[in-house]
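Work the whole structure out from these sequences, hints included.
Chains as they are written, first to last, in my numbering: chain L, 1 to 410; chain R, 1 to 264; chain X, 1 to 170.
For the record, the hints were derived by calculation from the structure and aren't laboratory data. Keep in mind the model is a prediction, meaning the values are calculated, not measured. No residue lacks a Cβ here, since even glycine has one placed at the ideal position from N, Cα and C. Be aware that a few hints might be false.
Simulated coverage check for chain L against chain R, where a stretch passes if three residues somewhere in it have a Cβ under 8 Å from a Cβ of chain R [unchecked claim]:
1. 92-100
2. 119-131
3. 328-342
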Amino acid sequence: MKQKIYFREVLNNGTGYYGLLALLLAVILVGMGATYYMEHHGHYVTGMNNQIVWGTPHVFAVFLIVAASGALNIASIGSVFNKKLYKPLAPLSGLLAIALLAGGLAVLVLDLGRPDRLIVAMTYYNFKSIFAWNIILYTGFMAIVIVYLWTMLEHKMNGYTKTAGFIAFIWRLALTTGTGSIFGFLVAREAYDAAIMAPMFIIMSFSFGLAIFLLVLMAAYRWTDRALGDVILFHLKNLLGVFAAAVLYFVLVFHLTNLYAAGHSGVERFILLDGGIYTKLFWIGHILLGNLLPIAMLFHPTVGKSRAAIAWASILIIVGGLIQMYVIIIGGQAYPLNLFPGMDVVSSFNDGPASGLAHSYTPSTPEFLLGIAGIAIALLLVAVAVKVLRFLPESLDDATVDPHASAAKD
Amino acid sequence: MIQKHDPQMHQSQPHEIDSARRKFLGGSAGALAGVAIAPGVLLSQVALAKPADQAVSSDNRWGMLIDTNKCDKGCDACVRGCQTENGWGSNETHSAETQTAQWIRKVELRDKNTGHATSLPLMCQHCEHPPCVDVCPTGASFRREDGIVLVDKHICIGCRYCMMACPYKARSFIHEALQDQLPVAPRGKGTVESCTLCVHRVDKDGENAVPACAEACNSEGHEAFVFGDLNNPESRISQELAKHGGTQIRADLGLNVAIRYRGI
Amino acid sequence: MAVMLRNLRSLLLLAGMTLLALPLTAQSGTPLPDVPEATKRFSETQGCVEPTEDMRKNHMKMMLHKRDQTMHEGIRTPQHSLEECINCHVPGDDSGKIVRIDSKDHFCASCHSYAGVTIDCFECHADRPVKKTEFHPLVAKPSPHHAEATSTGPVTTGTLEILAEEGKLQ
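Next comes the structure, spelled out in C-alpha cells:
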C-alpha cells in the first residue's frame, strides 16, 4: 500500500526553537556590527591589503554560494532524474539553496569597498565581466528556485515541478560554472588560470551542498522529534562519499596538470610543499580531514551506519571545504606574480616569487565575524521558513519513504 | 599691401599666385617648424595638443619607452615625482605598509644565471587588451580611445576584481578615508586606483606632455623615460622603438602594452 | 456616562485638530541656509558660469554629464569643471581659514546639509583649491629645499614635495 507523505510546518514552540533563533540573530547582529566597523573606517582594519585583496569574507562567501547550488542537487535528483526516494526532500533542498545563496551574497556585498554603490552594480553592466554575469545568475537563481518551490508547495502547480526543476538544474550549473570562472578566467595568476576551475567548482558544490543538507536534515528531524529512516539517510551518506571522492579526483587532476607545466611548477611547489601555512592547510585540512577521513568514515561498513559518524563526516567535509576555499583564494594570492621569469626580484610592492617573499595575510576578527554572519543568515532563513511553511515531511521513516525497501528488510 | 597703391598691378594679376613667394613662405614655415624651441620639441609639435573641448580619439596611442640602462639602482625620483604630482604616499596614515597605495614602484632585478643586475620602474602598463577592463563588473575600469587605462571612481564599487586580474599588480585599493587630495588626482576610500599616465597633463599638452615620473627622472639627469604617441611614426618614441626596439613585460600574455622597456 | 464619553471624544477631536494645525502656525518663510560668497564673479552680469537659478536646479545634472565627458573623452573645458567651481566658491588655505567639506562654511556643505542631501564627491575630490606651481615641462622644477616638515596643517603641494624629498615612500 502506498503511503502518502504529508508535509507539515515545524510545530515546536519551546525555548529550544526560539533559543536557536536568538542565537542566530545574535551572530548576525555581531556580524553587522563588524561590517559597519569595516565600512566606516575602511579596509585598513582588516587583514586584507594590496597583495591579498580577497580575504576571509570571500572565502565564506564563495563557499556559501558554491554550497547553495549544490544544495539544490537533491531536488534535482528527484525532479529531473525522477528518483522517487528524493522527492520528499526537494522542498527543503530548494529552501536551503536559496538560504545559502542569500547568506553568501550578503557577505560578498557587505565586503565591497563601496557597498552603498550596489545600485550602480545593478545598473552599469560590463557584459565581458564574469562578475557581471554572476550577478544576473545569482539573482536569477533565486527567482527560479522560488518558482520551483512554489510548484512543489502549491498543489495546483505540481504538474510544473518537472519543468521548473529542469530549468533550475541547468541554471545552477551555469551559476557554479560562473563562480568557478571568476578564478579560471584570471590569466595573470598561475594559481587560477585553468579551465578545470569551473567543473571543479561544480563537483565541490555537490559535495559541500549535500554535506550541509545532510546536517540540516538530521538536525531538523532530531530537534522536531520526527522520524528520519535509515533508507534515506544511508542513500544520502553514500552519495556524499561519492561526491567527496569526486572532489578528490578533480583536485588531483588539477594539481597534476599544473605540475606538468614547467611554468606553473612554482605555484605548485608553493601550495604542495613550501607554502608554510597553505601547505599545511592543503594536506591536513583539505585532503586529510576534508576528504580522506570523511570518505573512510562514510564507506566503512559499521562506522558508516552510525548517525554520529555521518554527522561528523559532514562537518569534516564542510570544514575541509572552507579550508579548500581558503587555500584556493588566499593561497592563490599569496603566491607572488611572476613578472620576470628567472630573475631575483625585489621591490617595495613585494614582487617576485624567486625572492621567496610570499605575501602575508592574517585573517582579522571583523572579517571572520562577517563570514560567520553569512552562515547564520542562511540558517536563520531556513529555521524561520520551516516553521512558517510546509517544507518538511512529517515523517521520513523507512516505511513512509519506500515501503518496498522496508518490506525487503524484513 | 601693394594693392592700394597700384590697382593696375592688382587688376592685371588677379589669381596668379606668385609661386616664388609661395615657395619662400612654405620653406620658411617649414624651417620655422623645424626650429627647436627647446631640446626635443619642435614648433610643429606645439600645435599637436588637442583643444580642450575635443574628445580623445584612437588616432593617438600614448605610451612610454623606458631605458633601464639609464635607470639607477638606488634612485626613485620617478616614484617621488608621481607622489608629488598625484598626492599619494603620505596621506594614508592608518594603513599598514602593505595596504598603502603604490602607483609606481622601482623593481630591482638580478638574473639568477648571469648575475646581471637591472632596475626599472613599474606602473600600469596601459595594455591594449587590459584584463582589468575585462573583469570589472560595472565598467569602471576602462580603456580610453587614446589608450590610457583608467578607473572611473564614480562607478567603482570596490570589489577589487581588477586587482586580482592585473598581471602587473599595478592597482591599489584605498583602505582608509582620505583628506587633502589634489585636484588633478581624485582618490577616495573604497575605490581602486592606478597610474593614469598623468592623463591630466596628456589632455592639456598632447604630444608634448611629460608625465610626472618622466619629468622627475629628467630633472635628476637620467632621462630614462620617453613619452609619446605610439601611433605617430614621426614621434620620438616611435623612432626610438624602430631603431632600438623595446620589450614588453609578460609579453606572452599578448596584451600589447603601451609601456616598453629597453635593456631587459 | 454617555455625556462624559461624548465630551471626551470632542476633546480628543479638538486636540487632534490642534496638532494637525500646528504646522500652519509656523513663521512664513523657513530660514534659508547661510551660503558663503564666492571669491570671484564669472562676469559683470552673471555671478556663476550659468544663471544662478539654472545652477541651483541643474548643477547635479551638469556635473554628472561633465564627469563622464571628462573621464571617458578627456574633455577638460573649464566651463563646468568641478575644479573651477571649487576655485571660485571655496577659499584656499592661504586665505587664513581652512574650509573643509565637513564644515558648514563650505559652499557645497552649507546648502547640502540644509537640504539633507548627502554628497560623496569630496570623498575623492579635493574640497579646496590647491595652488600648483605650474611649470612648463621643459623648465626644470626647482628642487625643494630640505626642511623638517610637520603635517599639522593641511597638506599643500609644497609640503608634499618636502615630505617626498624626505623619502617617505609608502
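For each hint, the structure was consulted:
1. Evaluation of the coverage hint for the stretch 92-100 of chain L: breached, as 0 residues show C-beta separations to chain R shorter than 8 Å, against a requirement of three.
2. Here's how the stretch 119-131 of chain L fares: 9 of its residues keep a CB closer than 8 Å to some CB of chain R, so the rule of at least three is met and the hint holds.
3. Only when three residues or more bring their CB closer than 8 Å to a CB of chain R does the claim for the stretch 328-342 of chain L stand; here the count is 5, and the claim holds.
The structure does not agree with numbered hint 1 stated previously, though it agrees with all others.
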